[in-house]
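Peer 1: From first to last, the protein sequence lines are chains A and B. Per my numbering: the first sequence ends with 428, consecutive numbering throughout. Per my numbering: the second sequence ends with 622, consecutive numbering throughout.
It should be emphasised that the hints constitute simulated quantities derived from the structure, not laboratory data. Here a beta-carbon is modelled for each residue, glycine too, at the ideal position from N, C-alpha and C. You may find that some hints are simply not true.
Said to hold, decoys possible - The calculated lysine to aspartate or glutamate pairs, modelled on EDC-like cross-linking and capped at a C-alpha distance of 16 Å, are:
hint, chain 1, residue 1, chain 2, residue 2
1, B, Lys601, A, Glu149
2, B, Lys481, A, Glu149
3, B, Lys601, B, Glu547
4, B, Lys481, B, Asp439
5, B, Lys601, A, Glu146
6, B, Lys481, B, Glu434
Claimed, not checked - Pairwise CB distance ranges (calculated):
hint, chain 1, residue 1, chain 2, residue 2, range
7, B, Lys492, A, Leu204, 49 to 59 Å
8, A, Gly108, B, Arg485, 38 to 48 Å
9, B, Arg485, A, Pro161, 30 to 40 Å
10, A, Arg167, B, Asn482, 21 to 31 Å
11, A, Arg424, B, Arg512, 23 to 33 Å
12, B, Lys492, A, Gln139, 24 to 34 Å
To be verified - Where chain B lies over chain A, by a calculated footprint (3+ residues, C-beta under 8 Å):
hint, region
13, 141-154
14, 163-170
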Amino acid sequence: MSGWFRRGGEGNRGRRQEALSAYIDEALSPVERKWIEQELTQDAALRAELGELRRAVELVRSLPTLPVPRSFTLDPAIYSRTKPRRVHIYPVLRVATALTMVVFIVLVTGGFVLGGAMAPASDVAMIATEVTRVVEKEVVVSEADEVVPQQYSDVAAESVEGEVATEAPVLAAPAEEVAEMEVPVEEYAAPEAEAVEGTQREVPAAAMAVENGSSPAPTSAPESGVGAEVPPAPVAASQTAEPTRVPTGTPAARAADELSEEPLLETYKAVAESPEPAAVDEVTEESWEVPQREDKAWFRQLDGWHVLRWGAGLLAVGLLVLTLLARRFGW
Amino acid sequence: MDETALIHEAQHGDLQAFNALVLHHQSRVYNLAYRVMGESDSAADMTQEAFISAYKNIRRFRGGSFKAWLMRITTNACYDELRRRKRRPQASLDALYVVDEDPSPSLHSESENPEKSLQSGELAAAIQACISALPEHQRIAAVLCDVQGYSYEEISSLMGISLGTVKSRLSRARSKLRECLRGIGELLPARYRLDAE
Numbered sequence: 098m099s100g101w102f103r104r105g106g107e108g109n110r111g112r113r114q115e116a117l118s119a120y121i122d123e124a125l126s127p128v129e130r131k132w133i134e135q136e137l138t139q140d141a142a143l144r145a146e147l148g149e150l151r152r153a154v155e156l157v158r159s160l161p162t163l164p165v166p167r168s169f170t171l172d173p174a175i176y177s178r179t180k181p182r183r184v185h186i187y188p189v190l191r192v193a194t195a196l197t198m199v200v201f202i203v204l205v206t207g208g209f210v211l212g213g214a215m216a217p218a219s220d221v222a223m224i225a226t227e228v229t230r231v232v233e234k235e236v237v238v239s240e241a242d243e244v245v246p247q248q249y250s251d252v253a254a255e256s257v258e259g260e261v262a263t264e265a266p267v268l269a270a271p272a273e274e275v276a277e278m279e280v281p282v283e284e285y286a287a288p289e290a291e292a293v294e295g296t297q298r299e300v301p302a303a304a305m306a307v308e309n310g311s312s313p314a315p316t317s318a319p320e321s322g323v324g325a326e327v328p329p330a331p332v333a334a335s336q337t338a339e340p341t342r343v344p345t346g347t348p349a350a351r352a353a354d355e356l357s358e359e360p361l362l363e364t365y366k367a368v369a370e371s372p373e374p375a376a377v378d379e380v381t382e383e384s385w386e387v388p389q390r391e392d393k394a395w396f397r398q399l400d401g402w403h404v405l406r407w408g409a410g411l412l413a414v415g416l417l418v419l420t421l422l423a424r425r426f427g428w
Numbered sequence: 426m427d428e429t430a431l432i433h434e435a436q437h438g439d440l441q442a443f444n445a446l447v448l449h450h451q452s453r454v455y456n457l458a459y460r461v462m463g464e465s466d467s468a469a470d471m472t473q474e475a476f477i478s479a480y481k482n483i484r485r486f487r488g489g490s491f492k493a494w495l496m497r498i499t500t501n502a503c504y505d506e507l508r509r510r511k512r513r514p515q516a517s518l519d520a521l522y523v524v525d526e527d528p529s530p531s532l533h534s535e536s537e538n539p540e541k542s543l544q545s546g547e548l549a550a551a552i553q554a555c556i557s558a559l560p561e562h563q564r565i566a567a568v569l570c571d572v573q574g575y576s577y578e579e580i581s582s583l584m585g586i587s588l589g590t591v592k593s594r595l596s597r598a599r600s601k602l603r604e605c606l607r608g609i610g611e612l613l614p615a616r617y618r619l620d621a622e
């Protein structure tokens, strides 16, 4: 520190005067004080300068305190707050602006962070709907294909009786088994037909729908009632239930034949005439394309997410302007 | 007088409470304004302006020294006025070297004769003239320290400057005052007379 004072030239002179001034006010550090006192003992001119400074300061400090020329109290007629104290809205606006800004920033950054997950809901819904429609088309077409070939196979099975080698006798389900299958044999007495060993065919669900009914269990042997009337199987609610596999030649199989025989042609005709199968060929990759959104007005293309962000941003700007005005005019 | 209670009431719009504070602090505020501005009319204007400003901003006072807060308002008001006058100099009918007609108490005791009182009055005016001749930065620092008696730290807070800057401005102000007071040596009492270099 003493080196700072020892530098020569005008700079040093200014620093010494500064030290003398602070020395008068006892505002020097112990190191600085010790140094200046040492300088004073060695430099007479410095001592004289200190003396003059002290006298000048004392003269200024001796100036008297002046009496006030008048009272400076405020006039109540001018400054009295007779109006009811206004509620200052500036603090409220300030807080509201800050909160709105935070919400806006969260909405904006949330959209960037989540990215595709926040895709417009309308687009996602449209894509889902279109996919579902295409899938349903394929399901319907595939079901139609199954019905037609199956019915074809039933007819073919009857027409080739005897052509198929058989090794075992007719597989007649014992009464108990029939009973388990809950097929009323007396109602579904099958016409005479040689059973095809080892083959099983799918019995349409309608034939097995009697399970759901209240039909009594069969009590007699399967072979009975040749030519008996075979009432149509009650159409149960489970039309779409999975077909049940039963051995060919069983009463259930015969019942299925009976059931499928009548509507076979009609069904075939319906399927043949239906444009649905033809539509299958048209199921190409193009049908998977996302349909373009219709040209709508710009405000109709906005979804909730965009509206929310825009709203928050506009609200934040509006509140900011109000806050600045409240601060300016002291609201 | 409970200053804290008066401040609290004034913050809630009680003008009477604020006027009580005015009566308590107006002498100090006026003297500061007078020593900075150099003449009574300007000092009165600055004093009134300072109190009006304090009343309007009383709600912003968050505690601490109310006197220091008032002094800061007064200092800023005087400083702004001096800067405004510097930009737009005005010819004053009261010249800088005309002795102010305000009846100032003499530097010496009341037992002295009128001749000495007159001399004391002239001396005070001469000293004031030397103070008024200082640049505004140095003038305010010298008045706050040597007239009002504030410490370096308080001056630093009132003027919003560093301690080093306070020391520098005071040193230069006192050097210039010393030079100015040499010119009025014949007015100075014997013990105050400054020896010429």
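Peer 1: Taking the hints in turn, state whether each one holds.
Peer 2: The hints, checked one at a time:
Distance restraint check for lysine 601 of chain B and glutamate 149 of chain A: the Cα-Cα separation of roughly 12 Å lies within the 16 Å cut-off, and the hinted pair is therefore satisfied. Using a Cα cut-off of 16 Å, the hinted pair lysine 481 of chain B and glutamate 149 of chain A is violated, with the two alpha carbons roughly 45 Å apart. Our distance criterion of 16 Å between C-alpha atoms is broken by lysine 601 of chain B and glutamate 547 of chain B, whose separation comes to about 20 Å. For a cut-off of 16 Å, the pair hint linking lysine 481 of chain B to aspartate 439 of chain B stands: about 12 Å separates their Cα positions.
Of the supplied pair hints, the one linking lysine 601 of chain B and glutamate 146 of chain A holds, its CA atoms being roughly 13 Å apart against a limit of 16 Å. With a CA separation close to 14 Å, the supplied pair lysine 481 of chain B and glutamate 434 of chain B stays within the 16 Å bound. Range check, lysine 492 of chain B to leucine 204 of chain A: Cβ separation about 50 Å, and the 49 to 59 Å hint holds. Restraint check, glycine 108 of chain A to arginine 485 of chain B: a C-beta distance of roughly 42 Å satisfies the suggested window 38 to 48 Å.
Range check, arginine 485 of chain B to proline 161 of chain A: Cβ separation about 34 Å, and the 30 to 40 Å hint holds. Taken as a hint, the range 21 to 31 Å holds for the pair arginine 167 of chain A and asparagine 482 of chain B, whose Cβ atoms sit roughly 23 Å apart. Separation of arginine 424 of chain A from arginine 512 of chain B is about 28 Å and conforms to the stated range, judged on CB atoms against 23 to 33 Å. The beta-carbon spacing between lysine 492 of chain B and glutamine 139 of chain A, approximately 43 Å, falls outside the hinted interval of 24 to 34 Å.
Here's how the region 141-154 of chain A fares: 6 of its residues keep a CB closer than 8 Å to some CB of chain B, so the rule of at least three is met and the hint holds. Counting residues of the region 163-170 of chain A whose beta-carbon sits less than 8 Å from any beta-carbon of chain B gives 8, enough to reach three: the coverage restraint holds.
Hint compliance for this structure: hints 2, 3 and 12 are not met, and every other hint is.
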